[in-house]
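Trainee: Here is what each chain is made of, one letter per residue.
Number of protein chains: 6
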Amino acid sequence: MATKILLINPNSNDAVTEGMREAVAPLSIPHGPVMECMTLHTGPFGVETQRDVDSVAVPLADVVHARPDAEVYVIACYSDPGLAVCREATQKPVLGIRECSIFSALSVADRFGLIALSQGSVRRHSRAFREMGVSTRCAGFAPLGMSVAKAEEPGAFPHIEAAGQRLLESGADAVVLGCAGMARHRAPLEERLGVPVVDPVQAAAAQALGLALLRAA
Amino acid sequence: MATKILLINPNSNDAVTEGMREAVAPLSIPHGPVMECMTLHTGPFGVETQRDVDSVAVPLADVVHARPDAEVYVIACYSDPGLAVCREATQKPVLGIRECSIFSALSVADRFGLIALSQGSVRRHSRAFREMGVSTRCAGFAPLGMSVAKAEEPGAFPHIEAAGQRLLESGADAVVLGCAGMARHRAPLEERLGVPVVDPVQAAAAQALGLALLRAA
Amino acid sequence: MATKILLINPNSNDAVTEGMREAVAPLSIPHGPVMECMTLHTGPFGVETQRDVDSVAVPLADVVHARPDAEVYVIACYSDPGLAVCREATQKPVLGIRECSIFSALSVADRFGLIALSQGSVRRHSRAFREMGVSTRCAGFAPLGMSVAKAEEPGAFPHIEAAGQRLLESGADAVVLGCAGMARHRAPLEERLGVPVVDPVQAAAAQALGLALLRAA
Amino acid sequence: MATKILLINPNSNDAVTEGMREAVAPLSIPHGPVMECMTLHTGPFGVETQRDVDSVAVPLADVVHARPDAEVYVIACYSDPGLAVCREATQKPVLGIRECSIFSALSVADRFGLIALSQGSVRRHSRAFREMGVSTRCAGFAPLGMSVAKAEEPGAFPHIEAAGQRLLESGADAVVLGCAGMARHRAPLEERLGVPVVDPVQAAAAQALGLALLRAA
Amino acid sequence: MATKILLINPNSNDAVTEGMREAVAPLSIPHGPVMECMTLHTGPFGVETQRDVDSVAVPLADVVHARPDAEVYVIACYSDPGLAVCREATQKPVLGIRECSIFSALSVADRFGLIALSQGSVRRHSRAFREMGVSTRCAGFAPLGMSVAKAEEPGAFPHIEAAGQRLLESGADAVVLGCAGMARHRAPLEERLGVPVVDPVQAAAAQALGLALLRAA
Amino acid sequence: MATKILLINPNSNDAVTEGMREAVAPLSIPHGPVMECMTLHTGPFGVETQRDVDSVAVPLADVVHARPDAEVYVIACYSDPGLAVCREATQKPVLGIRECSIFSALSVADRFGLIALSQGSVRRHSRAFREMGVSTRCAGFAPLGMSVAKAEEPGAFPHIEAAGQRLLESGADAVVLGCAGMARHRAPLEERLGVPVVDPVQAAAAQALGLALLRAA
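Protein chains in written order, with this note's numbering: chain C, 1 to 217; chain S, 1 to 217; chain Z, 1 to 217; chain L, 1 to 217; chain A, 1 to 217; chain H, 1 to 217.
Just so you know, the hints here were simulated from the structure itself, not pulled from any lab data.
Treat the hints with care, since some could be wrong.
One copy or two, either will do: identical chains are not told apart, so a pair holds if it fits within one copy or between any two.
[Said to hold, decoys possible] Heads up, simulated EDC-like pairs for lysine to aspartate or glutamate below, C-alpha to C-alpha not over 16 Å straight-line:
no.: 1; residue 1: Lys92; residue 2: Asp110
no.: 2; residue 1: Lys92; residue 2: Glu22
no.: 3; residue 1: Lys150; residue 2: Glu18
no.: 4; residue 1: Lys92; residue 2: Glu191
no.: 5; residue 1: Lys4; residue 2: Asp110
no.: 6; residue 1: Lys150; residue 2: Glu161
no.: 7; residue 1: Lys92; residue 2: Asp173
no.: 8; residue 1: Lys4; residue 2: Glu71
no.: 9; residue 1: Lys92; residue 2: Glu190
no.: 10; residue 1: Lys92; residue 2: Glu71
no.: 11; residue 1: Lys150; residue 2: Glu131
no.: 12; residue 1: Lys150; residue 2: Asp173
no.: 13; residue 1: Lys150; residue 2: Glu169
no.: 14; residue 1: Lys4; residue 2: Glu131
no.: 15; residue 1: Lys4; residue 2: Glu36
no.: 16; residue 1: Lys92; residue 2: Asp69
no.: 17; residue 1: Lys150; residue 2: Asp69
Kindly produce the complete structure, drawing on both the sequences and the hints.
Mentor: Take a look at the structure:
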């Protein structure tokens, strides 16, 4: 039976889950690990406040616990909710899309810039970067002032591109999309900016794919 | 035609290249990107001194330049020789196994410990960790006092395991193998230590696989 | 009507709450702010695992929201559970005992050492110190291998003293008690070690007292 | 007899001492510790240059030594002159208003901004923040270009407010007043800016109050 | 026989070597150590790209090895090419002009600003400052967008002065010239800016002079 | 008239000044800058406590001010007393031997270890290293438990050598002597340890020599 990678979207917004599915499709290899994207239906429609983040931590760990059929887990919200508690719930790898996106950017670039949803999330991510030890490699933040749902829409692109340009001017040589639902903007943005653009769901799914293949060996 | 990932072993030791081939075999998917492992025959038998490291930098960039058929490049020596110059030689991603191994460890753990070949390489890696910004997440170093060739042999395992134990006592919750040729020790070491053990060639190849699949999409 | 400081014990262990009450009694001034210590009865008996920590975050914010009669809030568990979400729930100050204990120690000393309950909590606190930016001022950790309840008992003192001695040898010139229920050990430990010893509940309550008096002015 | 907290103003400007007295009045509790504010009459009128700072260090330690009737000492100048030598002169706690103001801000906020008297003092404070380890939590500096005496006057408020606004734009979520004589501006500034504003004398006096109460227990 | 200091210019541009000779002339004392400036004729005309930097590393070590008559070696290119490998090639001191320039600036000032040749070199130097641990003392970078040869010409001065002014506005209280061939601009720039200006070749030669005199004692 | 470098010994111990004179003799070049070593006779016999350090700050600045005939000043006490105030007293360079010793060590090595007089001075130096930004490059401290006068005597050597050995084991690849009066031990210690040993008075005098020659050009 195929190894399974379980990507859990804590936003109870199936459109975001569907976007994730499309985002990771290139990583779904015939006969390779299965990428299963699921929605945490008890979660908020968009994980945007700190309360949203904290309210899904234990439910995410419950999902991890209830799904021993998966070999690697991905928490698919840019605030990496419940990462520590999920890791406590299993011996298997649990990946956060924020952590993976930053490490992916730093694998190919010197300093990254982050396109965030809101000024409030900037503060949250900035704390995380201090904790991760990567603050000196963050060239800056560019908040969009948008909801998760809004940032997914095609109409968001001009705002996203402008944010990316500001980050390049701050010295970034890679740009990270700071939300689970922005994958569709990755390729066009990379083409416009001329530097690597990282989608966090793809970055984590790629890392998960590697772990799954190696663990199945 | 299949996307190609080119892993370049700067050690002119085909046994190490062969070990790399075995190491990345689980990441070679039917119909997926091709993992080509090649030896830099002009390199030293084992890249161990700083001179070894510096002498292969430009030749590695020449290989990168001469092989535009590849989509992602991996420099397969733990000192990440020539990483900057190789990146200057192409617009495509060039990954270093040291950088990827650390980011892979930090994707699943809080603080990593490094099993290094020698005390001399510890100083080199420690400088790199300062540059990367990850010094505060390094729990310690355990040098083996071995050559690249020696570390690859089965007889090295007891020494490697002892080194790993010292790192756990220093607070590491993941262990990184600090050499291109130690992949065979990864799985048994992980089983003995009970924490994730990262082989750097596998970590970089996994990252490369993800990039290749996403870039081909 | 008197200004109120609400100290919330997320451990559903009334003995710990009672210990807190005794701990902050010296800070309860006639005609001054009222120190109300309450138990979060829906919390675990001892907040020890990450799941314990995350499970009380939103309930703590609910308490904060439900108690607008208080002027300052103190989250009385050393892992500072729910600090960010509680701060989102009110415009008034919400203090964490871990943060306050460290800042209190650094107000009188150069480097602090932490007596922690367990090795697991060490990792949690160490992450927090990185996030706070105070890692370079932490001389070390000494885990007790005890539960919250056990650490409160008189019999724990010899173990606590031994832990303190180890921290002095690591270069600490102040010692912080890393648990909400250890206040009774503070004064005797300070006498034995000859350096300032900080009880986190007292440190946070003192900070709260100052804020309450200034806000009432 | 009541426990005594001795706040020493190294500026030989009694108006500043009088301002301090008003600033700490809300922390003077009936039957609680006495807050005694004294002027170091041998000090300069305003501690503004490095020479001013260094010239008061030993005299401050002499005061500490000569006043064993106090239980806690506060050095009430934002450059924290003589803090180390005063601590050498007594076993009792000696607090600096700069250190306490920063720790107080970080107890309720993520990143602080500092309103400083002059560009020269910015350099001094910036060195101190590096030493304290809190540089990554400093969002910026806004120098006023004013003397101690001038900054105390009501007419300074518009300049102070403008400085505070610049700090908010730099990402500060708390503002610290970088001078012993600006307490009167605290409450109105907090109201205008909508984030916590910390007066350093009050922050240190609050910390001292807590220590005094706990030590008298 | 006189002690010899060997300054090796990896740019195969004798005009730069001649400029170095003039730059270090004030440090050539009668009967003191001899300052020999030599050109690495196999090097690129101007070391500007990463490939230029890496291509001269081993040749520089060969020179060091072939010249045991020298007592101290100076690598005279601001990217400090081959510093580690040259140090491996001899037990005697090998100095890099980038490292020496920064340490010289920090010996007299709080925060330095760097005038760099290009935006590309900024990234290289910024990595080095992270590795050296001095990032927090760097006030900023001002790239000129010039070649080595161009930066040496008198006509470059107005651009250099403007760059220096920008660095002062960023908070620098010392300015470092980030190229081996800019010594002639040092004194006039210092006069215009009013803060110490460091020429890296002079800084390293001065450090070498001290080492040579002490080693000959 | 010859350029003058003024080295001021804040210890009122002429034997230490005499030792400094011998230490810098190799840097006194015929027709070169004059190295004048003077004793601050109002200073303590040995600057050992924080009070000693602070009591000489302003008197040192007075000397600097009173001696405009000098071109460069060196404060010759390892605690760098009065460095900031002396810099305020003149536009010319003022060097501290602690700062210069560390920068000199880092010019030739990766991580330094410090041989300190006492545990008390370790705390002082450790604060300074945090302020300087070089903490991550300090491999450790080895306190001797000796006075300034004692450390100067030949009998101190075995203790100093043992301290040096401990620092090598901690990972230091250079050793710094943490006191103004230990120059005589430098050369023999370097021979025994096999790594560079830095005397701080010599390191600062060498830096001063370079500055004096360049400023006279």
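Trainee: Now, for every hint given, state plainly whether the structure supports it.
Mentor: These are the hints, each one checked on the structure:
1. Lys92 / Asp110: Between copies only: 15 Å across, 30 Å inside.
2. Lys92 / Glu22: Neither. Shortest intra-copy (25 Å) and inter-copy (24 Å) distances fail the 16 Å Cα cut-off.
3. Lys150 / Glu18: Within one copy only: 15 Å inside, 49 Å across.
4. Lys92 / Glu191: between (36 Å within a copy, 13 Å between copies)
5. Lys4 / Asp110: neither (33 Å within a copy, 25 Å between copies)
6. Lys150 / Glu161: Only inside one copy: Lys150 and Glu161 sit 15 Å apart there, 36 Å across copies, limit 16 Å.
7. Lys92 / Asp173: For Lys92 and Asp173, the Cα distance is within 16 Å only across copies (14 Å; inside one copy 33 Å).
8. Lys4 / Glu71: Close inside one copy (6 Å), not across copies (27 Å); limit 16 Å.
9. Lys92 / Glu190: Cα proximity of Lys92 and Glu190: across copies only (12 Å, versus 33 Å in one copy).
10. Lys92 / Glu71: Intra 6 Å, inter 31 Å, cutoff 16 Å: intra-copy only.
11. Lys150 / Glu131: neither (29 Å within a copy, 30 Å between copies)
12. Lys150 / Asp173: This pair counts as neither: shortest intra-copy Cα distance 26 Å, inter-copy 27 Å.
13. Lys150 / Glu169: Neither, since 25 Å and 25 Å both go past 16 Å.
14. Lys4 / Glu131: neither (30 Å within a copy, 33 Å between copies)
15. Lys4 / Glu36: Within. Shortest intra-copy distance 7 Å satisfies the 16 Å Cα cut-off; inter-copy 27 Å does not.
16. Lys92 / Asp69: Within one copy only: 11 Å inside a chain, 36 Å across chains, cut-off 16 Å.
17. Lys150 / Asp69: So Lys150 and Asp69 fail the 16 Å test inside a copy (34 Å) and across (38 Å) alike.
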